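S.K.: Two independent chains are provided; combine them into the complex using the hints.
Protein chains in written order, with the numbering used here: chain A, 1 to 109; chain B, 1 to 112.
No wet-lab data here; the hints were simulated from the structure.
Please note that a few of the clues may not be correct.
Which residues of chain B face chain A? A few of them, derived with a C-beta cut under 10 Å, are [unchecked claim]:
(1) Gln37
(2) Val53
(3) Gln80
(4) Pro81
A few chain A residues that don't get close to chain B, going by computed Cβ distances all over 10 Å [what the hints assert, rightly or not]:
(5) Arg54
(6) Lys69
(7) Asn95
Values in this document were obtained by computation on a predicted structure and should not be read as measured data.
All residues carry an ideal CB built from backbone N, CA and C; glycine is no exception.
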Amino acid sequence: SQQGEEDPQALSIQEGENATMNCSYKTSINNLQWYRQNSGRGLVHLILIRSNEREKHSGRLRVTLDTSKKSSSLLITASRAADTASYFCATDAGNKLTFGGGTRVLVKP
Amino acid sequence: DAGVIQSPRHEVTEMGQEVTLRCKPISGHDYLFWYRQTMMRGLELLIYFNNNVPIDDSGMPEDRFSAKMPNASFSTLKIQPSEPRDSAVYFCASSFATGVAFFGQGTRLTVV
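If we strip away everything but chain B, and leave its shape as in the complex, we get (with noise of 0.2 Å):
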């Protein structure tokens, strides 16, 4: 299996564009989670699903972001319209119930 693949890997964008962030989860595995890595806020959790439902949206910071789960093998993550402080590292990852993750190699964002 090639692993968690998330596209683009980088993505430079203006403020106030819609941008949309693409992940191709691991055959077989239930979970799927969107995490946000910063500087100053280290690795957060954005939203999860199990089995394309999702369970825990709370760590979606504003109504500007949304997450959609079609098919067991794919997710997006929408943010619109953008701001410059949405510029970060947004990882993908999924797993079984077990709780390892395995993590894709992230879309580093920046917005100007």
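So that you can see chain A by itself, here it is in the shape it has in the complex (with noise of 0.2 Å):
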């Protein structure tokens, strides 16, 4: 079962434009986890957020935390056609990850 539920399932964003995806999840965490996967490849981490911070930053990347509503949110700013794959969160309670269904993005250059 998926413990991270990804909105929206897609978005088609022009290049320069933000892209914001979000997550919501089902029980406690330890932490949430957010990864990239471009077509036919594996999924690549991209950043990590323990359960007792609240916002994170790297590079172009901004994620928020909110475990009293249990959902997170990836910012990508400056988007560029690169940035073009899917996106998951995926929660670890205790180690075992699990992901969410993932968001797609475009980038239209």
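M.R.: As structure tokens, this is what we get:
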């Protein structure tokens, strides 16, 4: 079963725009992670936010976590065509990583 | 380090045949995960190991699926007999206890 659910399922934006996707989960977590998957490839870790953190930045990525609402968001600023990929949230509840269904992001040049 | 290595990258087999997928985790990682990805069901955790011991196999769909980790550098996922509905991309991932998982490139399995 999937712990996290991403919203929207798909997103199409122009290069230079920001992309925001959300993740909701159901149970208590140790941390929440975001991964990226290019077509036909494995998942690549982007960023991890611990349950006691509210916001984290890494380059053009900004992640927020609201444990009271059991939700997280990933913001990609100034998107590039190379950001086209699927993005997944994953919840860690005791070293067991459970993934959501993902958001497909298309960045048009 | 070369990362998580999976083999084969592609496998086409006939229904009823045995299929063995292989994974070499990153050296030093103490967790190993097997996932299955399909369009319909997304990314499903099948089983994971800690220090070569299976911890949670509740995601293994049926008795036709089995996984082993005989040592810290090798794991297999076996399907016997295979069925068309097993067609999917199977990923292996490894991690330290911190939880950041490193994925292999996956094995695309097609059962005809």
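S.K.: Next step is simple, just say for each hint if it's right about the structure.
M.R.: Verification of the hints:
1. Gln37: This interface hint holds because 9 Å falls under the 10 Å limit.
2. Val53: violated (13 Å)
3. Gln80: violated (25 Å)
4. Pro81: violated (26 Å)
5. Arg54: Non-interface label stands for Arg54 of chain A: nearest chain B Cβ at 19 Å, farther than 10 Å.
6. Lys69: holds (22 Å)
7. Asn95: violated (6 Å)
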